[in-house]
Amino acid sequence: MRHLTSALATSLVLAATGAVMIDAPAQDPLPPAPPPFPTEDLPDSQLEAALVRGHRIGLPSPPEFLFVLQKVGSPRWRQLYYPVLRGEESDRSKIALRFGLSIAEAHIATMARDAQKIRDIANDLQRHAKVLGIGDSLSDKVRSINHLAEAKSWAGVAFELESLHATTDESLKAQRDGKLAPLIKTGQWVRLLHISTSVVSEKEFPDTSIAISSCWTLDQIIASTTASEEATVVSIRDQLSKIQRLWSPEKLAAGHKFDDALIEECNGRLGNVIQLFAK
Amino acid sequence: MKTATHILALAASLSLLATAQDRAEPRAADAAPAQLSPEAAAAREAGIADAWKNALSVAHQISASQGYRRRDTYWAGRLPDEGFTIIPLQLYADNDYYIAIGTDADSQAISAAAFTPERRLIKTAPDRGEGKLVIHITPEHSGPHYLRLHLKAKPARPVHCAVTYVYK
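Just so you know, the protein sequences line up as chains A and B, in that order.
Numbering of the first sequence is given in my numbering, commencing with residue -11 and proceeding in unit increments.
Numbering of the second sequence is given in my numbering, commencing with residue 10 and proceeding in unit increments.
Any given hint could turn out to be false.
Simulated pairs of lysine to any residue, SDA-like, Cα-Cα distance not exceeding 20 angstroms [claimed, not checked]: (1) A:K245 - B:H150; (2) A:K105 - A:Q67; (3) A:K118 - A:R164; (4) B:K132 - A:P31; (5) A:K245 - A:L234; (6) A:K239 - B:R128; (7) B:K163 - A:Q34; (8) B:K161 - A:D29; (9) A:K59 - B:R78.
No lab work stands behind these hints: they were computed from the structure.
With these hints in hand, go ahead and build the complete structure from the sequences.
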């Protein structure tokens, strides 16, 4: 019976195939349609030759990163505020680092939907900007951030904070302070990773590597410190390099577990780095 | 009080719109060749501005209709006549993305493909409109993804592109 069914099925298939062959033209078959997308993976040689390096678009946006932490970890953002850092007003590198930290704090206050905190941080930003000599070029942006926070337009605040960072970068470069511009990125991202390591250590995350965003992000932050050889910046770079070794892609590929102890170690190191912004 | 809040919100939205319009003519992210004549430099600026306008319009459209957030940063520059431009994008597994690509040329002339952090092709054909392409990505893993752009044939005139993305 099984043989009979099998033979019947085979003849049906053959009949169907035959019908198709009869209907199809015997010659000049249509060329196959080109695939709607390429079918190859990205070769190393192409990546090496054509990768756009050092561009801001390669770093995640802070709101995008915090948004992921919010989705998975639902942190209590207000409990994560960092106390205001005071330090020498004459050391412009440290002020650039603290400026970056303040932008990160403003992003956290945006997640907390805390207009009062944003107002306070806006004052800090104005004060730092004046010392850096870019107070005038940032004042409109800072005012706009305050207005958006008053109106509870949180997506607008997040967008404007990102834009503030870009404007600061351009203003510093325009006044030949290009070496300070990357330090704002450093200050901002050290604080954001400090936050993410705190959040990930408290909640069950399916992928704990989100604590440092990614090895790629960490590489970019370390690269932002290479323009300066000042003692503070060198110490920051050393600390970040130690964290980089803990989270190397090789360890990730080998299935290394990034457990609570490791995340807490990173959190402690990042906390130490932040202290360097004030000392 | 409620009226005052509405006025503030309206002012804030207008301010945000104004900011977005300010950024409609970006400076090129890739360095302009030093030997460009003033005319060629002006044509380049205009090409990049057109490309950015197209990228921005599609990003705004998706943001407004589907509630995605647009990030402020963009890449803009000229595509090489031969060879590739590969733009890294750090994307997260728990987010959903639309990559908006604007150009000052026919969008059919441009090939766009996205790759995972492991450099595997993401099998999503871009949607095309006049001067714009959009790629939808839902990352499986967090990490640097790659957007590869190239021209299908040698163009008669320089082709410029601008890239940004929205997320939810």
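Results for each hint:
| no. | hint | result |
| --- | --- | --- |
| 1 | A:K245 - B:H150 | holds (17 angstroms) |
| 2 | A:K105 - A:Q67 | holds (12 angstroms) |
| 3 | A:K118 - A:R164 | holds (16 angstroms) |
| 4 | B:K132 - A:P31 | holds (16 angstroms) |
| 5 | A:K245 - A:L234 | holds (11 angstroms) |
| 6 | A:K239 - B:R128 | holds (19 angstroms) |
| 7 | B:K163 - A:Q34 | holds (18 angstroms) |
| 8 | B:K161 - A:D29 | holds (18 angstroms) |
| 9 | A:K59 - B:R78 | holds (15 angstroms) |
Every hint from the earlier list agrees with this structure, and none is contradicted.
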